[in-house]
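Protein chains: 4
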Amino acid sequence: MTVFDRMESEVQSYARSFPVTFERAEGSRIFDQKGDSYIDFLAGAGSLNYGHNHPELRDSLIHYITSNGITHGLDMHTTAKAAFLSALEENILKPRNMEYVVQFTGPTGTNAVEAALKVARRVKGRDTIIAFTNGFHGVTLGSLALTGNRHHRDAAGVTPTNAIHMPFDGYLGEGVDTTQYLDRMLSDSSSGVSIPAAVFVECIQGEGGLNVASAEWLRNLEKVCRKHDILLVVDDIQAGNGRSGDFFSFEESGIKPDMVTLSKSLSGYGLPLAVVLIKPELDIWKPGEHNGTFRGNNHAFVTAAAALNRFWKDDRFITEVREKGDYIADSLKKIAAGFPDDIIEVRGRGMMRGIVLRDGSMTASICKTAFDNGLIIETSGPNDEVIKLLCPLTIPREDLSAGLAILEDAVGTILNAQGMKLAAAE
Amino acid sequence: MTVFDRMESEVQSYARSFPVTFERAEGSRIFDQKGDSYIDFLAGAGSLNYGHNHPELRDSLIHYITSNGITHGLDMHTTAKAAFLSALEENILKPRNMEYVVQFTGPTGTNAVEAALKVARRVKGRDTIIAFTNGFHGVTLGSLALTGNRHHRDAAGVTPTNAIHMPFDGYLGEGVDTTQYLDRMLSDSSSGVSIPAAVFVECIQGEGGLNVASAEWLRNLEKVCRKHDILLVVDDIQAGNGRSGDFFSFEESGIKPDMVTLSKSLSGYGLPLAVVLIKPELDIWKPGEHNGTFRGNNHAFVTAAAALNRFWKDDRFITEVREKGDYIADSLKKIAAGFPDDIIEVRGRGMMRGIVLRDGSMTASICKTAFDNGLIIETSGPNDEVIKLLCPLTIPREDLSAGLAILEDAVGTILNAQGMKLAAAE
Amino acid sequence: MTVFDRMESEVQSYARSFPVTFERAEGSRIFDQKGDSYIDFLAGAGSLNYGHNHPELRDSLIHYITSNGITHGLDMHTTAKAAFLSALEENILKPRNMEYVVQFTGPTGTNAVEAALKVARRVKGRDTIIAFTNGFHGVTLGSLALTGNRHHRDAAGVTPTNAIHMPFDGYLGEGVDTTQYLDRMLSDSSSGVSIPAAVFVECIQGEGGLNVASAEWLRNLEKVCRKHDILLVVDDIQAGNGRSGDFFSFEESGIKPDMVTLSKSLSGYGLPLAVVLIKPELDIWKPGEHNGTFRGNNHAFVTAAAALNRFWKDDRFITEVREKGDYIADSLKKIAAGFPDDIIEVRGRGMMRGIVLRDGSMTASICKTAFDNGLIIETSGPNDEVIKLLCPLTIPREDLSAGLAILEDAVGTILNAQGMKLAAAE
Amino acid sequence: MTVFDRMESEVQSYARSFPVTFERAEGSRIFDQKGDSYIDFLAGAGSLNYGHNHPELRDSLIHYITSNGITHGLDMHTTAKAAFLSALEENILKPRNMEYVVQFTGPTGTNAVEAALKVARRVKGRDTIIAFTNGFHGVTLGSLALTGNRHHRDAAGVTPTNAIHMPFDGYLGEGVDTTQYLDRMLSDSSSGVSIPAAVFVECIQGEGGLNVASAEWLRNLEKVCRKHDILLVVDDIQAGNGRSGDFFSFEESGIKPDMVTLSKSLSGYGLPLAVVLIKPELDIWKPGEHNGTFRGNNHAFVTAAAALNRFWKDDRFITEVREKGDYIADSLKKIAAGFPDDIIEVRGRGMMRGIVLRDGSMTASICKTAFDNGLIIETSGPNDEVIKLLCPLTIPREDLSAGLAILEDAVGTILNAQGMKLAAAE
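Residue numbers (our numbering), protein chains in the order written: chain A, 1 to 426; chain B, 1 to 426; chain C, 1 to 426; chain D, 1 to 426.
Hints may contain errors.
Same chains, same names: a pair is fine if it fits in one copy or spans any two.
Dumping the calculated DSSO-like pairs for lysine-lysine here, alpha-carbon to alpha-carbon at most 27 Å [unchecked claim]:
#, residue 1, residue 2
1, 368, 286
2, 34, 368
3, 421, 333
4, 286, 124
5, 256, 124
6, 313, 279
For the record, the hints were derived by calculation from the structure and aren't laboratory data.
As the structure is a computational prediction, the values presented were derived from the model and not from experiment.
Could you build the full structure based on these sequences and the hints that come with them?
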């Protein structure tokens, strides 16, 4: 009986899909205790955009630790925080003409969402928040109200309140602009939908199944928000930090969110960090109103600053990301073409891509087979029907090709076996 | 205009009290950019029980990082997590005959509280939670309902629901056992108080003003919980990890909580980490129901294991903590004795001590004066009337004495000045 | 200054539209203090289906009062209640093969809705209720969550919780079956919509603007409810008691609701009375769990029994209602035909009909003009764009024609004047 | 099988205690179908302060009905409503120097409470309401949050929110002024108790067990409300209309509530009627924001006006009430004196009195025995430990004495039998 069997709660999830004990990792490779190597197409569920233990980031961190840099700083000013803020300002905000202040929240995405909820509700003096079908925004009680998934919602033991879910882009089928439905519900004084404080949206829904909001839909959503005097908040926790093919997932659309939540890959190294970007005029906080012990995780500031300076000074990195994204899309289309009855769609944007199976019960076997062959990859979507690729953005071409080959092989093995079973049954 | 002025939200709090930029820290000393040194009686609000950048913990961490140990592991099994679980089992749980499973939540105290709330509500099938006056349990929406402070509660923009506050030990005056009131409200089927799923209690209320629950009160509270079939949850986020004079703050009383939340000093190094200890029979989680990107912060596992192995193999460390606690208490009593009209009480337990001023408006000036003289120390309590000492448990006697001397001096300076002002006004 | 000006709250509404003091009433005529007579196309907002002070009902009531029959009986058994229950059983339920038990709630529609909500939530163990856009179910806090109108919702001072509004039949345009959207949201485990305890629906939305659910839509709604194990509750408070052309508004569709709420015209005489019809297997009440002082309004039982025995022993009455309904529809179509640009629709079913104006700001003037000419009629719909006819079902043809003529005249006066104004402006 | 067995919901309560079918009633006597007569010490749970079918009120009502007076008037002005408002103004408000406007709500007490809740929350812009242990304010969702009884609270299927229960006068024992605890919780910014919009209080708790708030406690409560800028609302639904020995139960104390709810005996005849008295400056209603079909129950206006004019023109009636109240108290004390071990207290004020048994399981048998002997009387209190007398205020001395004799006899029968059983068991 391992210490995990004896001591860890049943709440474990990834540990069940990848039942080995991992020891070390480099770039897009992760190694278990026995020395076996896996290509990592999961990348910390989007937290390792620059791969595992990127050497430059690692060196900055070791240097900082060795010089006894502040580790834990509550929300005090530190040189590490200053460096992070400057790197964010110089490399990200200024070049994009964005003016935001930064709130450091407890270092989890859900904490940033909780803070943004408070700002929105107080600025507008309203309780209700609009979220979208298949959205995921965290599982603490405030955020959970915005999260669509019943598996998570029902786990609360109480019914989360004050959020309403509207259909995401594409939810009502091709050609239906679901922002019109939202506008209708808000314009109708008798619809039962209260005017909300804010709309929270992911431009690409990661957990929800790689649903991509079109640029036009986002612009229409922004118009509806402005029309009804509602704040627009982009939750860019999973799709941000370059994953979408831009630093922010909403850049392509040109919308100007009132707040943006960032976490996951923000530290660049997988260290806990979360922030809310807030338009300066909405920064209504009084000192300490939203606090938290670890809102000053200085190790994460160090690696985050290093990552922003390393990857975002010019377009080279993001151009590469887009090219790899196209390559992944092409490869997935080829895989899909081989199983037109089983794989119904290739979905995603940037390096957030996946294939959608008609039958969600197939994906677990495919991922298991892939794992047996040295690839870590996970499913998403309401019925686990999507195999989701979140490779490190820095993955070398060889690893990317090798991983895709393992995936193709696993897809073939499982779907062909299934086909033979069905044929035999006839 | 500094980058903080340009870029950081108004929500900052400690940065206002200690308006310098910190750069590095060692043990009980922290240094600003200009090289000035401060004795740290705040210790990350209780997150740095072993001081800043403890060399043994630091070495473990550097070694781990250098060998490319897993940094971000979602909730996958890693060798670092195994080492942490074993260290917890061997050094803490087994010697105390405690049987709990460990849930790794998002690495903030509030996230652990949110998880414990879910377990309690689902196990009992009830919505209501009992918390106590002056309690602090975090500011995400679920936890916030348990937190007493209106500054934090009102910041939510919505009214937190499903929690009821009962008077903490001593709240109704000397000699009144407030668990009797609780029992009365629960026994009376018409009291308006629903039978709760659980009672959440801090044995020593840190933010609430260093209110100490007596061992007898805790035992009575446990009896009330058992009588009414209610879970008992100890939030040991601030008072745990040795701060109280025991590893757990409830050890002295002998109660057996159904769940315990731990965070802050658990990693030993100020790194974000939070867990819920759950009695095995209450571990009703299904896979992934409560998730979060950073629930596997392996750097924190490394330092946490090192800390548990370093300080908790025998009684030496905790014995020292108790001695220092007594020394602090004695020193504070001496300070208090000099100002019998102004300082109305010396409060606390273990190395969580403080002095209570009659007039809460004095404390800010005292702390400011102390800071000017090289001591970092903060206030707590509903009216900021408590000056709270949370020195590193590892603080050397010299620093402790030096810090106390600065404090005594600051107290004298401010209270005497105030006395002269009052005298002049007569 | 009248006693009303001195003493009555600003909450008054109808008193503003019809600013006279009424004294007596007979059938479809109501008389003010000065003796002026008005034809009543409002009929107590649907509470006077059998007209004012119907002589047979009045005689029963006077006889009962004169013989000192029980007036107030809490929920005790009385001969008057027995007579009512028998009349309901014999004339209504048995002939329709309906098996329900009757819960007497506080004598207001909203109280019946509150009771039905409790039954639904407890039977299913779920919090959420589905209601529909433009629905009206009352303004006490439980019912208010189901009511769509923001004028009423915002008046609560708190945000009503635990209800979700789905698009009513026709809300998404011709040809869109909105039950498919509901089914999609319920079938998708990640939609953000919790599986509800029940769906509450009005087959004809009175306050919401005379929106009529088609029989097919209701049958589809029932299917969705059965598929997802959700209770189906018809709120027949306004459309019930013959108003729709059947006793129950859902009869036409053949659906079998799990509960039905009735009030308004149930007493037949305008006396307060409300009941919930509950399928016997759902009658989970324990004694007195939902109580209320006036749940035994015996005067109302007397007139209700008299009404049920007088009008519902055979088809004669309801056949007449249908004929009058057709006549009203035809008359309204003629009126509408004269103003094709201004009147965009004739809407309704049975004797619940109205005309929809393109411009909701016109209706108040039309109703005012009608009132000046001796007709009482009101508006409904989210923007007051609907002029709603709720004549007594017993209205004589002469009064009906006379009233329609006044309406036609008022429509002409106002719309022509408006047309001239617009022409002049060009 | 009676029609009640076939057709009425299990929610019935009084019908179980008094299992006969009643037919007619006069004054303090009620008769069943077989002609058996019962003295009525229940009086419609306080709705029949002037007895059943008082002849003068009855004659007014018959006259009104015979002349085709308006029965159902929505909220339109009618001569009957004018007469009621004038009678209230002249006989009640003016002589007491009270200035209130009158809101007619749906004709149930709970509906008046719901309306007052809305006013309070909107005037103050706060969600929370303070209610008291053992209070009863109705069972619709808003009011239910204020009601203490778990039997009713748990029946909702959801947890009512936004109300907090504080200890009523006497709840913490003799000599403890519980308003000090309330003040403490409100003054402490970290108590967990939000500053409420209003305090809702019954001066005498009827359902809660005849707990009487002292005049001093009420004055202290008013002071706490004023200190913290909180509205004070007296729910006088059961104790109002003369029951307490004054028209309003709070008169004795001299407090000036911001709002008062009245219902039950207001119509004087047992007809449904409910109002909120609102200080003019708090009448923030916009037209129709709180509506309801039966808020203009004109029959009730007629009898209410008759009752106010008949009983409240001078002090004669209320003087008699006080005398009878004293007589009842004396009689109960005599009964109690005979069973000092079993009857622990005589409680109440005015004609709202009762005896408290040590053992709540005895009261049902006593009431049953009394019923068998011709007396209708009920229990109250959290454990049904109180036998509550709510005789008509108009009860003739003979009936009062006869009823008390039956009660005494029943008490003796049951307690002696119990004593013998216990003796035999020893």
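Against the structure, the hints come out as follows:
Proximity of residue 368 and residue 286 under a CA criterion of 27 Å is satisfied inter-copy only: 20 Å between copies versus 50 Å inside one chain copy. With identical chains, the CA atoms of residue 34 and residue 368 are at most 27 Å apart within one copy only, with a shortest distance of 19 Å there and 55 Å across copies. Proximity of residue 421 to residue 333 under the C-alpha cut-off of 27 Å is restricted to the intra-copy arrangement: shortest distance 25 Å within a copy versus 64 Å between copies. With identical chains, the CA atoms of residue 286 and residue 124 are at most 27 Å apart both within one copy (16 Å) and between copies (22 Å).
In this homomeric assembly, residue 256 and residue 124 come within 27 Å of each other (Cα to Cα) only inside a single copy, at 18 Å, whereas the closest approach across copies is 36 Å. For the identical chains of this complex, residue 313 and residue 279 are intra-copy neighbours only, at 23 Å inside a copy versus 51 Å across copies, given an alpha-carbon limit of 27 Å.
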